[in-house]
Amino acid sequence: AQKITQTQPGMFVQEKEAVTLDCTYDTSDQSYGLFWYKQPSSGEMIFLIYQGSYDEQNATEGRYSLNFQKARKSANLVISASQLGDSAMYFCAMRDEIRGGNTPLVFGKGTRLSVIA
Amino acid sequence: GAVVSQHPSRVICKSGTSVKIECRSLDFQATTMFWYRQFPKQSLMLMATSNEGSKATYEQGVEKDKFLINHASLTLSTLTVTSAHPEDSSFYICSARYGADTEAFFGQGTRLTVV
Numbered sequence: 084a085q086k087i088t089q090t091q092p093g094m095f096v097q098e099k100e101a102v103t104l105d106c107t108y109d110t111s112d113q114s115y116g117l118f119w120y121k122q123p124s125s126g127e128m129i130f131l132i133y134q135g136s137y138d139e140q141n142a143t144e145g146r147y148s149l150n151f152q153k154a155r156k157s158a159n160l161v162i163s164a165s166q167l168g169d170s171a172m173y174f175c176a177m178r179d180e181i182r183g184g185n186t187p188l189v190f191g192k193g194t195r196l197s198v199i200a
Numbered sequence: 004g005a006v007v008s009q010h011p012s013r014v015i016c017k018s019g020t021s022v023k024i025e026c027r028s029l030d031f032q033a034t035t036m037f038w039y040r041q042f043p044k045q046s047l048m049l050m051a052t053s054n055e056g057s058k059a060t061y062e063q064g065v066e067k068d069k070f071l072i073n074h075a076s077l078t079l080s081t082l083t084v085t086s087a088h089p090e091d092s093s094f095y096i097c098s099a100r101y102g103a104d105t106e107a108f109f110g111q112g113t114r115l116t117v118v
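Chains as they are written, first to last, in this note's numbering: chain A, 84 to 200; chain B, 4 to 118.
Keep in mind that the hints are not guaranteed to be accurate.
Unchecked claim - Derived, one-sided and incomplete: chain A residues facing chain B with beta-carbon distance under 10 angstroms:
1) Met94
2) Val96
3) Gln97
4) Phe118
5) Gly126
6) Gln140
7) Met172
8) Ala176
9) Pro187
The hints are simulated quantities; they were obtained by calculation from the structure and are not laboratory data. The structure displayed is predicted, hence computed values, not measured ones. C-beta: ideal position from N, C-alpha, C; glycine also.
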């Protein structure tokens, strides 16, 4: 079974500073994908970044980067130059990649990020 | 990018009535869609996997007779909450992906309130 752990219920960061949101995972799958999604108060789920378990380089997407440490089973999200609009709930998720399209995402409990002006 | 549209975004219904929520993939075909439920300040929990042309697969603890899922075409899955009760009040959200190595695209979600 897959499990995602996000130990930070809430985080505060000063505007323009960087922040790291923690995520650890547990799985017996050989091939898996790790995701981060942002959920503002409207409820929509906004995809931020993806890391495949066999990717040797850490994924980056603009101000978002994923610090992937496979041996530690961690996939922390780093947001650089925080903006007020980054205030939202952030979910780490994973998916088994062996079974193709028929696999759902398993989510962590989320971290609420608040950016302070 | 791929778009998943969910309707309605908000619904209020009386206890005992049924509510249908639609999830459409607008520019791709989705043989599989997923339905999640999210209670306030909690995470997304998978309810069921919707498969086009076959029966949905429900997660443990989810009543299949209460949450009816129909995936009649490659672009539409519906979730019907039957005989709704106040405890069914929640945020329901669907997702789909259109290929391997792609992220899951989510609908806008439906906030259901049963009074």
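May I ask you to test the interface hint for glycine 126 of chain A with respect to chain B, counting a Cβ-Cβ separation under 10 angstroms as satisfied? This hint holds: glycine 126 of chain A lies near chain B, its Cβ roughly 4 angstroms from the closest one there, short of 10 angstroms.
When the nearest CB of chain B is found for methionine 94 of chain A, is that gap smaller than 10 angstroms? Result: violated, 15 angstroms to nearest chain B Cβ.
Hint check: is the beta carbon of glutamine 140 of chain A less than 10 angstroms from a beta carbon of chain B? violated, 15 angstroms
Hey, does the glutamine 97 of chain A contact hint survive, CB to chain B under 10 angstroms? violated, 24 angstroms
Satisfaction of the methionine 172 of chain A interface hint, Cβ to chain B closer than 10 angstroms: Holds - the Cβ of methionine 172 of chain A comes within 10 angstroms of chain B, reaching about 9 angstroms at its closest.
Proline 187 of chain A was flagged as interface toward chain B. Is the shortest Cβ-Cβ separation under 10 angstroms? holds, 5 angstroms
Cut-off 10 angstroms, beta-carbon criterion: hint that valine 96 of chain A touches chain B: Violated. Min distance 20 angstroms.
Hint validity - phenylalanine 118 of chain A Cβ closer than 10 angstroms to any chain B Cβ: Where the cut-off is 10 angstroms and the nearest Cβ of chain B is about 6 angstroms from phenylalanine 118 of chain A, the hint holds.
Taking 10 angstroms as the limit, does the beta-carbon of alanine 176 of chain A come near enough to a beta-carbon in chain B? With Cβ-Cβ at 8 angstroms, under 10 angstroms, it holds.
Violated hints for the displayed structure, listed by number in ascending order: 1, 2, 3 and 6.
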